[in-house]
Structures are given as C-alpha cells and as structure tokens.
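Enquirer: As a plain string of letters, each chain reads:
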Amino acid sequence: MTTSAEPVDHQSSNRGPQWRAIWGAFSQNRAVPIAGSLLLVLILLVLFAPLLAPYDPYALGSGSRLGGHSFRNIMGADNLGRDVFSRLLWGGRVSIFVGFSAAFATTVLGLLVGTISGYLGGWVDDILMRFTETFMVIPRFFLALIIVAFFGASIWNIIFAISILTWPVTARIVRSEFLTLRTRQFVDAAHVIGTKRSTIIFREILPNAIGVVVVNASLLTAQAMLLEAGLSYLGLGDPSLVTWGRMLYEAQPFLRQAWWMAVYPGLGIFLSVLTLNLLGDGLNDVLNPRSSEIHRTGL
Amino acid sequence: MAGDYPLLRYSVRRILQAVPLIFWVVIINFTIIHLAPGDPAIYLASVTEATPEAYAELRKEFGLDKPLYVQMGIYLWKLLHLDLGYSTWHNSPVLGVILDRLPATMLLMATAFSIASLMGVVLGVIASRYSYSVGDHLATLASLAGYSMPIFWLGQLLILFFALYLDWLPSQGMYSMRGVEPGWPAVLDVLKHLLLPAITYATYHMTLVFRITRGKMQETLAQDFILTAKSKGLNERRVLYRHALRNALLPVVTVIGINFAYVMAGSVFTETVFGWPGMGRLIFESITARDYPMILGIFLVVSMMIVLANLITDILYAMIDPRVAYN
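So the protein sequences, as listed, match chains A and B. End of the first sequence sits at 1180 in the working numbering; the numbers just go up one at a time, nothing left out. End of the second sequence sits at 330 in the working numbering; the numbers just go up one at a time, nothing left out.
Think of the hints as simulated: they come from the structure by calculation, not from any bench. Mixed in with the good hints there might be a few duds.
Said to hold, decoys possible - One side of the interface only, derived from the structure: several residues of chain A facing chain B at Cβ under 7 angstroms:
#1 Arg946
#2 Leu947
#3 Gly948
#4 Phe985
#5 Phe1022
#6 Phe1031
#7 Phe1032
#8 Ile1036
#9 Leu1107
#10 Phe1135
#11 Phe1151
Said to hold, decoys possible - Partner residues are not named here, just some residues of chain B that face chain A (Cβ under 7 angstroms, in silico):
#12 His37
#13 Ile162
#14 Gln226
#15 Pro254
#16 Gly260
#17 Ala264
#18 Phe287
#19 Ile298
#20 Phe302
#21 Val304
Backbone N, C-alpha and C define an ideal beta-carbon position, used for all residues, glycine too.
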C-alpha cells in the first residue's frame, strides 16, 4: 500500500558505493525521517520511564480512586488510585519490548528457514515449505490465545506464542527473495571463482535481501504489539506487569466513570503501531523501490 | 473424462485438501491438552481430583490411563460424533452453547461486511479516479490509521462518545434491559444495539477493501481496454463503473474469504467491548471462567469455519474465473 514509489538515484549507485544510493533515496523520502524520529521519541520516553514517571506505576493511592486530571495526576488516576501517566510510561516499556522481541525472534527464525529453503531448493525446500504451510493455515490469533490460556500468561509465553505463529510469513518472504537472487549473474560469478557457499549466502545474497527483511521486521513489530495488546485486553496479559493492552482491559468496566483510563493507553498503542507501519511503508519505498505491494497481515 | 468437468474436479480436489487441515487442528488441540501443565482432566472437562467420583469417571471416559494413541482415538471418535466436550461452567455440552451464540455473531458479521464492502469499494473507486490527489492521500493515510488502531480501542472510543457522552446509542448488549414490545419496536431495539459494534467491526475491513479496490482499479484503469472504451467516447462514469470496476471487483470479493481468520479474531474483540452475546464474547467469558473445554471447542469450530470460508471462496472464484480451475 505504498502511495508513491520514490525514484532512486541510479546514477550515484553506479558510481559510488551502495549506501550513497540508499542515502539519496532517504533524503527524498519524507515518511522515513518523520516516522523514524517519532519512533525514537517513543522509545526514549519509555526507556527513561524510571526518571520521567512521577509515581511507582504499581503504587496504590498515588491519586484518588478514579480521580480526574489534576496537577498531581496529569492523566488522572485509575480505579485503584494508581497514576495513569506513570502506568502509561511503564506500560509502554513492556508493550514495545514485547513488540521488538517478538519481531526479532520471528525474523531470526524466518531468516533461518527462508535462507535454507530458498538457497538449497529441491526436496529440502519442498519439505520446509509444506511445514510452513501447515503453520500458516492455523488461525494465528486463536492459537496464540490458547497457548497463553493453557500455558500461563507470562510475558515470555506471549512472545513465544507470537513468534512461533508469525515466522512462516517471514520465511516465505526471505525464501522468494533468495530464489530470485540465487539465479542472478553476480551469484553465478561468485560460484565460478570458487567462493565458499557460506560466503555466497552471507556476503553476496543476504545483503541484497536485507531490505525486504527490514521492512518486514518493522511491520512485524507493529503486528506483535497489536497481538500482545489484544491478548492482554482479553485478560491474557502477564498479571505481574502493566502493558497498554492490560490498561485497556482494566479500563473497560470503568468507561462511564473514567474515560482517561481508556483513551491514553489506546493512544499509545495506536501511535506506536501507526509509526511502525508508516516506517515500514517508507522503508519499502526506499529499500525496495521496484516492489509496490508489501506483505501485510492483520491479527 | 479428465478435462470434462474442470470445475468439479477442482472443487473435489479443494475439499480433499481441506480435510487434513481440520485433522491438523484436532491434533493441535489434543497436543495442548496433554502438554499443558496439570492434569488433562482439567482441560477435557474442567474436572479436578477434588471431586473423586466425577474424576474417576472422566478418566475412564477419555481412557486417560491408556496409551496416548488410544486416547487420541477416543478423542477423535467423540469429535466425529459432534461431542466437543462438556462445559461444567455452563452445565451443558460445548457444541450446544456455541451454536446458541452463533446467530448473534452472524448478524453482527453480515451487517459489518455489508457496510465495509459498500463503503470500501465506493471510496476505493473514488480514490483511484482522483489518484495522487490530496483527497486520495488523505484517504490512504486514514486507511493506514484504521489499520493501526486496535479494534477494541476504537470500540471503547465509540462507546465513550456516542453512548456515554452524546447518549444516542446503547453501549452494551443486544437488547434493552427493560422489556420492549415484540414486533417492530424489538427489531428497532436490536438495530440500535447493533450500530456501534457493526461500525467498529467494519472499520478494519473497510480499510482492507478500500486498499485493494484502489490498487486493483489503478491497475485496471491503466489497461488497453479502458483506453478503447474511453476513445469510443463512453462517458467516464460508465467506463469507471461498468468496465473497470467489474474487473477489479473479483479480488475484492475474495479478500474477505481469504482473511476470514482475521474476521473471526475481530469478532472476539468487538463482541467483548460491546458485550454482544455471540461466539466472540463467549471466548472472553470462557477465558475468565477458565472453561477450558469451551475454549478448545470454539477453537475447533472457528478453524472449521475458516477452512469452510476459504473453500467456498476458492470454489466461487473458480466459478467466476474459469482460468483458475484449469491451472
């Protein structure tokens, strides 16, 4: 869903090193710097939560129960008198951590399977692709829900459930990238001069596939955050930690009395996911100027 | 005989492909029951050793002292007889409870899809007509926003504004607590309750339909037959709707079938936010009540619905576009 593919400066890519071409494209793209700096601000805010949060996010009585906006609680207090602003900062920490960890685990798994499958081809590819297909047909969200409901709602179980169910998509993207790159002339050339197989994979093919992987990772982080929020909203979040999804779960019975309990954490999820999606789109324009459609899946 | 009935052959092949899928879901269920910490009896019928008689009976019924493959056989046999287990929480068979909740989910889904498809297609056509204009960019950005919004938060916002602040519409449930006269007043009552959840539910799919319509329309509008139609002097509206949209619509129709898994996930959140008494709300209640047989039962039913939806979509697609069956 790219609005416009920004033209890449092909001339400089012929003359100078590749990063110049990439930089040229970056400088023409508006989405990447905007989304990138927004993401940076978000990360800094939650990273410095211990310094920025005025109260302990778990401390009862930091404000009056269901108390509205005041100098003491700039975003109000929740049903147990906990400070919403402090919980928002600390909650973002966990939400964003889950997003990045799950995306990282998914990318590593997907890269591993996709690389083997795409580079080796043949029967190895057949078996691995059958295997990923069986994973892809299961309703992801419902299985994640069952895993967490039956095995316990710890944050690690949640990350595990998200990554074990999302890696097939990444694997297929990497595989198809390898399948096309494998037949290119520069790979043939590397073969001819007797380059080792591992060198061909890691030094020749992988750097060319990395653009697709980076775009995918950005979208994966967004998806993982939504998935975690969804599980937490259904009461399947880690009970010992505050996350944005859990805050929305706790806000539900108090919508009538305290709108601030729902509005702020939701805004946190929405802005982070939107930023990551924008970043993914922008990066796709810059790094893969030829592809117009990116792989996207919902919950 | 071979090439005579390509559509039939294709359909049969697709149905045969769907069978192992359902089997695969059953295996996952079975594996989870046995891998999850604690006694399988908890997950099969919410029965613990606390009630020794029921526990002993259950162990016998599911053959829990026999080897795993026998247990698997018993489990499969029960499923084949539509026995999805017994919910101690509801005090009735799992399948019955699920079927009771299904109509409410269907009503919500059908309403939401009608809104989503109609609005998505219309907006997509307009956006493709005015490609890369300010309006198009805004619509694209709005669709990205809709896509990035947790559906349950959108529901909460709509409740806060339309139900609690403006007090126009009810915020929870499907019927008013105070009895309404049967007949038209009752229908109107359900419609009032339906509006907010339907809009919430429709938003995500509208963004999806919008994006696909816009993309396909742009693709189609660039083709030669559109140029021909234009140069024949047909008016633009006719070219847009009769020539281009017809060809762009096919992928739009199938997108909902293909994305049915997300559709079902969306119903869980929408129904939970609005207390809509359907299957999605049931899963939330079952999680809270730790009604494990019910959760597994819903997973099975949902998986079957998804397989079925994909199957119907594929066969419909093959009927509309004969090239599919020949490949």
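Enquirer: Against each hint, give a clear statement of whether it holds in the structure.
Expert: Results for each hint:
1. This hint is violated: A:Arg946 has a C-beta 19 angstroms from the nearest C-beta of chain B, more than the 7 angstroms allowed.
2. Evaluation of the A:Leu947 hint against chain B yields a violated restraint, the C-beta minimum of about 14 angstroms exceeding 7 angstroms.
3. With a cut of 7 angstroms, the hint placing A:Gly948 at the interface with chain B is violated, because the nearest CB-to-CB distance is about 18 angstroms.
4. About 21 angstroms separates the beta-carbon of A:Phe985 from the nearest beta-carbon of chain B, more than 7 angstroms, and the hint is not met.
5. Hint status for A:Phe1022 relative to chain B: holds, with the closest Cβ pair at about 4 angstroms, below 7 angstroms.
6. Hint status for A:Phe1031: holds, given a least beta-carbon distance of 4 angstroms to chain B, under 7 angstroms.
7. Taking 7 angstroms as the C-beta contact cut-off toward chain B, the hint placing A:Phe1032 at the interface holds, the least distance being around 6 angstroms.
8. The restraint placing A:Ile1036 at the interface with chain B is violated, with a minimum CB-CB distance near 17 angstroms, outside the 7 angstroms limit.
9. Nearest Cβ of chain B to the Cβ of A:Leu1107: about 6 angstroms, under the 7 angstroms cut. The hint holds.
10. Because the smallest distance between the Cβ of A:Phe1135 and any Cβ of chain B comes to about 11 angstroms, over 7 angstroms, the interface hint for this residue is violated.
11. Taking 7 angstroms as the C-beta cut-off, the interface hint given for A:Phe1151 holds, the closest approach to chain B being about 5 angstroms.
12. Given the 7 angstroms rule on beta carbons, the hint for B:His37 is violated: about 11 angstroms separates it from the nearest Cβ of chain A.
13. Interface hint status for B:Ile162: upheld, as the beta-carbon distance to the closest one in chain A is roughly 6 angstroms, under 7 angstroms.
14. The criterion of a C-beta within 7 angstroms of any C-beta in chain A is not met by B:Gln226, whose closest approach is roughly 16 angstroms, and the hint is violated.
15. Because the beta carbon of B:Pro254 sits about 12 angstroms from the nearest beta carbon in chain A, more than 7 angstroms, this interface hint is broken.
16. For B:Gly260, the interface hint is violated, since its Cβ never comes within 7 angstroms of a Cβ in chain A; the closest pair sits about 14 angstroms apart.
17. Taking 7 angstroms as the C-beta contact cut-off toward chain A, the hint placing B:Ala264 at the interface holds, the least distance being around 4 angstroms.
18. Satisfaction of the interface hint for B:Phe287 is found here, the shortest Cβ-Cβ separation to chain A being roughly 5 angstroms, below the 7 angstroms cut-off.
19. Hint status for B:Ile298 relative to chain A: holds, with the closest Cβ pair at about 6 angstroms, below 7 angstroms.
20. The closest approach between the C-beta of B:Phe302 and any C-beta of chain A is roughly 5 angstroms, which is under the 7 angstroms cut-off, so the hint is satisfied.
21. With 7 angstroms as the threshold, the beta carbon of B:Val304 stays out of range of chain A, its nearest partner Cβ sitting at about 10 angstroms, so the hint is violated.
When the structure is compared with the earlier hints, violations turn up for hints 1, 2, 3, 4, 8, 10, 12, 14, 15, 16 and 21 and for no others.
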